[in-house]
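Peer 1: Single-letter residue listing:
Protein chains: 2
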Amino acid sequence: MAAGDVSAMELANVALKLAADQTVLNAIVSLDPEIVRQQAEASDVRRKSGNLLSEIDGVCIAVKDNFWTKDYPTTACSNAAPVYPENVDSSVVEKLRSAGAIIFAKTNMHEWAYGATNGTSSIGPTRNPHNVEHITGGSSGGSAALVAAGIVPAALGSDTGGSVRIPSGACGIYGFKPSYGRASRHGVLPLSWSLDAPGLMATTLHDLELLLPYFIGADQADGTTIHSKPYTAGKTIEHPKLVNLVGAGLERSEEVNATLNHALQQVQAFAEVNTGEIPDLGSYFAAWEAILHAEATSFHAEQLANDPSGYSAITRSHLEAGKLLSATELLKAQQLRTEFCRAIDELLKNADALVLPTLPVTAPKLGEDWQEFGNLRVTSQDSMTWFCWLGNLAGLPCLSIPCGLSHAGLPVGMMLMGRAGDDEKLFNAARQLDLAINP
Amino acid sequence: MAAGDVSAMELANVALKLAADQTVLNAIVSLDPEIVRQQAEASDVRRKSGNLLSEIDGVCIAVKDNFWTKDYPTTACSNAAPVYPENVDSSVVEKLRSAGAIIFAKTNMHEWAYGATNGTSSIGPTRNPHNVEHITGGSSGGSAALVAAGIVPAALGSDTGGSVRIPSGACGIYGFKPSYGRASRHGVLPLSWSLDAPGLMATTLHDLELLLPYFIGADQADGTTIHSKPYTAGKTIEHPKLVNLVGAGLERSEEVNATLNHALQQVQAFAEVNTGEIPDLGSYFAAWEAILHAEATSFHAEQLANDPSGYSAITRSHLEAGKLLSATELLKAQQLRTEFCRAIDELLKNADALVLPTLPVTAPKLGEDWQEFGNLRVTSQDSMTWFCWLGNLAGLPCLSIPCGLSHAGLPVGMMLMGRAGDDEKLFNAARQLDLAINP
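From first to last, the protein sequence lines stand for chains W and Y.
Under the numbering used here, read the first sequence as residues 1 to 439, first letter to last.
Under the numbering used here, read the second sequence as residues 1 to 439, first letter to last.
Check the hints yourself; a few may be wrong.
To be verified - Calculated pairs, DSS-like style, for lysine-lysine (alpha carbon to alpha carbon, straight line, at most 25 Å): (1) LYS229(W) <-> LYS229(Y); (2) LYS349(W) <-> LYS229(Y); (3) LYS323(Y) <-> LYS332(W); (4) LYS425(Y) <-> LYS229(Y); (5) LYS332(Y) <-> LYS323(W); (6) LYS229(W) <-> LYS48(W); (7) LYS48(W) <-> LYS95(W); (8) LYS70(W) <-> LYS241(W); (9) LYS332(Y) <-> LYS332(W); (10) LYS229(W) <-> LYS349(Y); (11) LYS323(W) <-> LYS349(W); (12) LYS323(W) <-> LYS349(Y).
The hints are simulated quantities; they were obtained by calculation from the structure and are not laboratory data.
Model the full structure from these sequences, guided by the hints.
Peer 2: Written as structure tokens, this is what we have:
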């Protein structure tokens with residue numbers, strides 16, 4: 001667009017055409033071509049008159065269906081969800097829209113974000129663009145599918161235990177969950193407020209970075225962000241120090257492990273790679289689960305009491321289970337969380353980022369309930385959050401970057417996790433790594 | 001001592017004599033005259049050789065029996081309490097001891113600090129020096145009684161819902177609870193870790209201020225203090241702005257109200273006094289109670305399961321009740337807490353301190369279970385925490401200063417509450433007020 005080769009309208013029309021051609025992905029909840037074209041037209045007018053709002057003016061961005069958007073209802077892909085007021089944008093959508101971004105569509109998600117497969121949704125499961133017999137992972141699966149299929153260059157998701165990174169890893173794109181409190185959640189329907197973060201997905205690391213200034217920052221409407229500084233890209237760290245996490249609780253399939261190790265070999269010439277472990281990971285995982293369930297149940301308590309009929313059976317059973325947790329169990333979980341944050345801080349003292357695969361397996365097939373890896377048999381659901389919950393429990397900035405394909409042609413992701421609050425440093429460390437892994 | 005008029009040993013002997021004469025107060029759990037004299041002797045040696053450790057070198061300080069002290073066991077005045085390792089000081093005691101303070105005795109307290117009357121204790125109730133037929137209030141009642149009786153000039157207490165300020169108010173001395181996270185709780189047996197603060201009591205405001213540098217500050221052993229700056233006294237605020245809190249939930253007896261208003265008249269020449277209200281105080285009080293009960297039950301869970309026999313019936317029933325709280329109820333309480341902190345912040349935006357009586361009544365008689373004031377009938381227990389819990393729920397620095405006597409000769413206290421974290425400002429505002437009220 002900047003070179004004058006193509007207009008926002010032409011790009012929007014291509015995106016609309018691709019979306020119409022790829023309904024098999026089942027990635028879209030709401031899309032009105034007219035609304036898209038109006039935004040594209042306005043952008044082209046601004047460009048012609050030299051009044052561009054930002055360098056992302058005219059770029060199509062898809063939005064997970066738990067963000068308020070003024071043009072579309074917000075359903076969280078649940079029949080129990082009230083359709084939230086149209087006419088109001090969530091803070092992050094408003095910020096992107098004010099920069100000229102075209103809000104392209106509302107995307108399919110796991111019901112209420114309460115699951116990581118995108119298999120439970122009021123409009124049915126989302127399919128993986130790399131192989132439509134496989135799931136995208138979730139809960140931001142529709143957003144990931146649109147980006148991975150090349151329909152839009154970027155999308156918004158939300159992430160409570162990996163919901164941005166999981167489908168990014170499974171679909172072979174770049175996914176970013178900011179530190180807790182760096183980006184606003186105002187107008188994003190919550191799953192678990194002490195774990196939730198909004199997140200970004202894009203085709204390249206550079207595209208992600210272009211969006212960050214319009215995503216990160218303080219918002220009076222979300223108290224957790226009031227100390228968030230605006231995003232300011234820093235100098236690339238030429239010799240990043242990494243800690244490759246291994247050990248009990250961090251098992252992964254041989255194929256995923258080999259792909260990750262191959263990627264790490266690509267960076268060994270300039271990066272320092274040490275290994276690290278976290279003891280008692282099982283109890284920290286239990287803490288993450290307890291906090292998630294208690295907070296989710298708390299948020300849904302009123303709706304669940306008044307009219308539970310709209311929830312799917314599985315989501316409802318999760319919410320009912322949350323009622324059984326006692327205050328002392330939750331306190332124990334909150335204490336374990338503090339302990340976990342200290343252990344992570346310790347690991348990050350002499351490192352720029354922690355490294356894990358994004359997922360222990362490649363995208364499961366639709367309807368496949370179990371995964372086997374590392375001599376374990378794990379539900380597909382649990383295999384999706386296997387590594388990702390760590391970043392939410394400790395509030396870390398986390399980035400999933402593609403790092404290869406399996407023999408079956410399914411993507412493998414590498415996850416980088418930085419120090420809480422220092423999202424800039426994570427990107428400064430990632431740039432050089434990405435260049436070597438994805439030249 | 002500095003003038004050479006009296007030695008630390010002479011002062012210690014006076015204190016020991018007074019303590020022996022006033023056993024009727026039942027304020028002391030452990031006191032070994034030999035241990036006191038050894039410390040006094042060491043101080044006198046330092047003074048003679050010009051090696052004083054600080055300006056508080058040689059001052060006797062009493063310590064509530066839930067602080068670890070290396071010379072005495074720590075019982076929390078409970079038969080269920082393991083006697084914690086002698087030979088180890090809590091961080092605050094260590095800091096005072098390193099400044100040369102004489103750790104004088106361990107003092108009577110409400111069992112496990114779980115109550116505000118000092119009526120429940122393994123060694124029996126504490127009596128008020130102003131009238132031994134009346135209680136001291138608690139849970140740091142023994143510390144307050146020793147200071148109020150002139151036995152020691154200062155003492156340590158702990159404060160979860162007023163346990164330092166309540167007996168300070170009821171006994172007519174100065175009591176200070178720092179902001180949450182400004183002073184270390186390492187080695188202080190917890191009641192409710194998100195509400196607990198250690199606190200100081202003294203005969204004068206100046207004495208309190210002398211102790212603050214050896215009390216406030218970061219301690220690696222208490223993670224909540226790691227951002228605590230050392231205490232640095234600032235310039236006196238000559239025209240402090242006060243908000244006098246009134247309204248539903250803040251009722252007090254006519255006598256207390258008149259005494260407080262009289263004190264406020266003394267400061268009107270130089271201070272700005274406005275009135276303020278906090279809506280929905282009842283729900284915030286319920287939040288404080290839920291957090292208190294859940295955290296206390298969590299801390300005692302193991303002991304309660306293994307051997308509940310040592311707890312008094314009333315304490316045990318509190319702990320059993322805490323088990324019935326659900327995770328979602330606790331989350332609701334934690335959310336209300338956040339809301340309450342915002343309301344308090346708003347009130348403190350244009351004020352240096354909030355003002356309340358420390359207690360709605362003067363010290364109840366021993367065995368008196370109910371108090372009547374403001375057309376209410378309230379348990380003596382609830383009347384003690386009536387105003388004080390606000391400071392714990394919001395983590396504010398709070399100061400109780402004497403502001404007069406009732407017709408019956410019982411003390412009335414004025415409570416000043418400052419902005420969380422800015423304990424210095426609270427003292428800067430209080431100095432001038434105290435001078436006018438207690439000339």
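Peer 1: For LYS332(Y) and LYS332(W), compute the direct alpha-carbon distance and say whether it is at most 25 Å.
Peer 2: holds (17 Å)
Peer 1: Is the hinted pair LYS48(W) and LYS95(W) satisfied, with a Cα-Cα distance of at most 25 Å?
Peer 2: holds (22 Å)
Peer 1: Is the hinted pair LYS332(Y) and LYS323(W) satisfied, with a Cα-Cα distance of at most 25 Å?
Peer 2: holds (13 Å)
Peer 1: Within 25 Å, alpha carbon to alpha carbon, are LYS229(W) and LYS229(Y)?
Peer 2: holds (23 Å)
Peer 1: Holds or violated: are the alpha carbons of LYS349(W) and LYS229(Y) at most 25 Å from each other?
Peer 2: holds (23 Å)
Peer 1: Regarding the pair LYS425(Y) and LYS229(Y), is the alpha-carbon distance no greater than 25 Å?
Peer 2: holds (13 Å)
Peer 1: Holds or violated: are the alpha carbons of LYS323(W) and LYS349(Y) at most 25 Å from each other?
Peer 2: Not OK: LYS323(W) and LYS349(Y) at ~39 Å, beyond 25 Å, violated.
Peer 1: Starting from LYS323(Y), check that the Cα of LYS332(W) is at most 25 Å away, please.
Peer 2: Holds, at roughly 13 Å.
Peer 1: Holds or violated: LYS323(W) with LYS349(W), Cα cutoff 25 Å?
Peer 2: violated (38 Å)
Peer 1: Between LYS229(W) and LYS349(Y), is the straight-line Cα distance small enough, at 25 Å or below?
Peer 2: Judged against 25 Å, a Cα distance of about 23 Å means the pair holds.
Peer 1: CA of LYS229(W) to CA of LYS48(W), is that 25 Å or under?
Peer 2: Between LYS229(W) and LYS48(W) the Cα gap is close to 33 Å, so the pair fails against 25 Å, i.e. violated.
Peer 1: Regarding the pair LYS70(W) and LYS241(W), is the alpha-carbon distance no greater than 25 Å?
Peer 2: Not satisfied, since the Cα-Cα distance of roughly 43 Å exceeds 25 Å.
Violation of the numbered hints given earlier is confined to hints 6, 8, 11, 12; the remaining hints are satisfied by the structure.
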